[in-house]
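Trainee: Read off the chains here:
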Amino acid sequence: MRATDCADPLMEIIDVEKHYKRLRAVDGVSLAIWRGSCFGLLGPNGAGKTTLIEVIEDIIAPTAGTILYKGERRAAQFRQEVGIMFQQTALLSFLTVAETLETFSRLYDTTEPVARLMKRCHLGEVKNQLNDKISGGQKQRLLLALALLNRPELVFLDEPSTGLDPQARRNLWEIIKSVKSQGRTIVLTTHYMEEAEKLCDDIAIMDQGRIIARGAPQDLIRTHCKRATLSVPKDQFPQKIDIRHGFCRERGNRIQIRTENVNAVVGQLLSNGVDMRGVNVKTPTLEDVFLKLTGRSLRE
Amino acid sequence: MRFKRLWAIFNTRNREFFRDREAFGWNFLFPFLIILGFGVIFKGDYLSPFKVGVFPVPHTVSVAQSIDNLPDSFTAFKAIAWVGVENRIHGVEKLKHHKIDLLVEAGTQPVRYWVSDSSPSGAIVERLLKEALAPPDSGDRFEKKDIQGLQIRYIDWLFPGILGMNMMFSALYGVGWVVVRYRKNGVLKRLKATPLTAFEYLSAQLLSRIFLLMFTLVVVWLGCNLILDFKIYGCLTNLFVVFLAGSACMTALGLVIASRGTSEEFANGILNFICWPMMFLSEVWFSIEGAPAWLKTSAKIFPLTHVLTAARKVMNEGQGLLAVMPELGILATMTLTFLLVGAALFSWNK
Chain A
229 MRATDCADPL
239 MEIIDVEKHY
249 KRLRAVDGVS
259 LAIWRGSCFG
269 LLGPNGAGKT
279 TLIEVIEDII
289 APTAGTILYK
299 GERRAAQFRQ
309 EVGIMFQQTA
319 LLSFLTVAET
329 LETFSRLYDT
339 TEPVARLMKR
349 CHLGEVKNQL
359 NDKISGGQKQ
369 RLLLALALLN
379 RPELVFLDEP
389 STGLDPQARR
399 NLWEIIKSVK
409 SQGRTIVLTT
419 HYMEEAEKLC
429 DDIAIMDQGR
439 IIARGAPQDL
449 IRTHCKRATL
459 SVPKDQFPQK
469 IDIRHGFCRE
479 RGNRIQIRTE
489 NVNAVVGQLL
499 SNGVDMRGVN
509 VKTPTLEDVF
519 LKLTGRSLRE
Chain B
1050 MRFKRLWAIF
1060 NTRNREFFRD
1070 REAFGWNFLF
1080 PFLIILGFGV
1090 IFKGDYLSPF
1100 KVGVFPVPHT
1110 VSVAQSIDNL
1120 PDSFTAFKAI
1130 AWVGVENRIH
1140 GVEKLKHHKI
1150 DLLVEAGTQP
1160 VRYWVSDSSP
1170 SGAIVERLLK
1180 EALAPPDSGD
1190 RFEKKDIQGL
1200 QIRYIDWLFP
1210 GILGMNMMFS
1220 ALYGVGWVVV
1230 RYRKNGVLKR
1240 LKATPLTAFE
1250 YLSAQLLSRI
1260 FLLMFTLVVV
1270 WLGCNLILDF
1280 KIYGCLTNLF
1290 VVFLAGSACM
1300 TALGLVIASR
1310 GTSEEFANGI
1320 LNFICWPMMF
1330 LSEVWFSIEG
1340 APAWLKTSAK
1350 IFPLTHVLTA
1360 ARKVMNEGQG
1370 LLAVMPELGI
1380 LATMTLTFLL
1390 VGAALFSWNK
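Taken in sequence, the protein lines are chains A and B.
Using the numbering used here, read the first sequence as starting at 229 and increasing by one per residue.
Using the numbering used here, read the second sequence as starting at 1050 and increasing by one per residue.
Keep in mind the hints are simulated off the structure, nothing from the lab.
Hints are not guaranteed to be accurate.
[What the hints assert, rightly or not] Going by beta-carbon spacing under 10 Å, a handful of chain B positions derived as facing chain A:
(1) PHE1066
(2) ARG1068
(3) LYS1100
(4) ARG1137
(5) ARG1230
(6) LYS1349
(7) TRP1397
All of these numbers come straight from a predicted model, not from anything done at the bench.
For glycine and all other residues, C-beta sits at the position ideal for the given N, C-alpha and C.
Using the sequences and the hints given, assemble the complete structure.
Mentor: What follows is the structure in structure tokens.
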């Protein structure tokens, strides 16, 4: 999608490149980030996601290309209006959680009250603890709180839940969902498919510095992975059935049927007396899309 | 520039300093211990620069009992420390390793002695011994005059040097090394993501370090003065101005070192490369008065040289601000240059 296709883009990234000597970390990327959307950037390690996001954040300078915020080149006001949660950040030593938030709040013109933000990010219990004494989940919530401190219009979250246990990850998702519900624009990079599917409205898949696919999660799945897989126990599978809308193959003690028309195959199985309680249906996921497009799994 | 942002970073840096109890304690303890140590060593006297070994001197016998074959004018010489040695072999070994400058055999007439040809101190002591044994007919060839007015103890001369050295280490490592560490672990990148400008950040670092240096200086000064009772001939306010200018200059130099790089090891190497020559050539420990002219000229590139020259003029000579204006001018110029270079080179994440 070209940036010019967007009706009301908050950010436009036009033909952006970032080179490190011979390596093209970002290789001619163009995209638009819609106002109020949650845009997900997916890609394997080394795909160039963090480089691209840091170029968009104005942390590193692009080798070539143009980046527009609200239709203009980024100015000093950009820093007042964006919140950033980096993938790896150390916090200031010897400060408590509350002091850290208060220090950062003095760097902005407009900020959320620190007490309210701590409550929202579930940091009340650790507000008087030093930054290096809090757990990984608490640290991620503090970093998220720092990103939300200035009531940003645009929030960048670079792999926000990496290294968290499932419970902590879900807690973080709830906070991100509440940010999204306030109509703020979110740019998210992640390794977790479930995270992308739950949070993002719009996804770009990146590999080797390029955007190789773009769209809503379900659109991407529909476009790139049409086939679902039904798995039937071998002893229940009728001997003389001819599956008209799919391909069958034997996998251990089960028969797998790959099909684009699940309803037709299920109807055919039912009419042949197959007990559906033993049948599994696996619909394609973003992981399958990713695997198909890049030939690699997301965490490689 | 927003003062609110500068103040936030200034306060944060100060908080970090005061809460890091180990570093905080060491910042005070280090200069205090050095000054106290040297104060005890040099109290009221100076360390004997020459060492003369005497043998055979068993452990049970004092050296004084064994040197009756030497003239009083030589044995009473305060610049000589006497070292008892059990036998000649041990004595010669010490001589070879420059642990002593001359070796004398007790009770011999004529006096039998050994000296190393490669030891400059040995040559001087040998000359002293020879002249004590056979004094030349001096006649009216010289007339001794006593120093009039101020007589400065070595510890009074050393004190500003130690304070300056502490200031140098604290400014360079407290800014140079710390900022590089912040860059490496991403703290600077996090700050870059805010509206804070590089100028505001660097100014806050500079002001915070100056404040901390002056605070440390005053505390160390008061503590040491209570114990060692330093003689200060000049005005304390003038001295404060000199050290303030020195703090600013040294911190600004730290900002140049901190302007780039993410390797603490490399920063450490650079800091050592700057600190060690500065410490020796800026006359922290000893004067380089007799050194070659090029070395004395080279020493002037170091800010510490000008800080100590000015501080000693005020402390030891009782001179006023007007007399130290050249040094203050040089320090101000250096500060401005370092600040401009540091700001031009500064990167949040490279």
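Trainee: Each hint needs a verdict: does it hold in this structure or not?
Mentor: Cross-check of the supplied hints:
1. PHE1066: Since the shortest Cβ distance to chain A is 9 Å, the answer is holds.
2. ARG1068: 4 Å, holds
3. LYS1100: 49 Å, violated
4. ARG1137: Violated, because the Cβ-Cβ distance from ARG1137(B) to chain A comes to roughly 61 Å (cut-off 10 Å).
5. ARG1230: 9 Å, holds
6. LYS1349: Violated, about 38 Å.
7. TRP1397: At about 8 Å, which falls below the 10 Å cut-off, the nearest Cβ of chain A leaves the hint on TRP1397(B) intact, so it holds.
When held up to the earlier numbered hints, the structure conflicts with 3, 4, 6 and fits the remainder.
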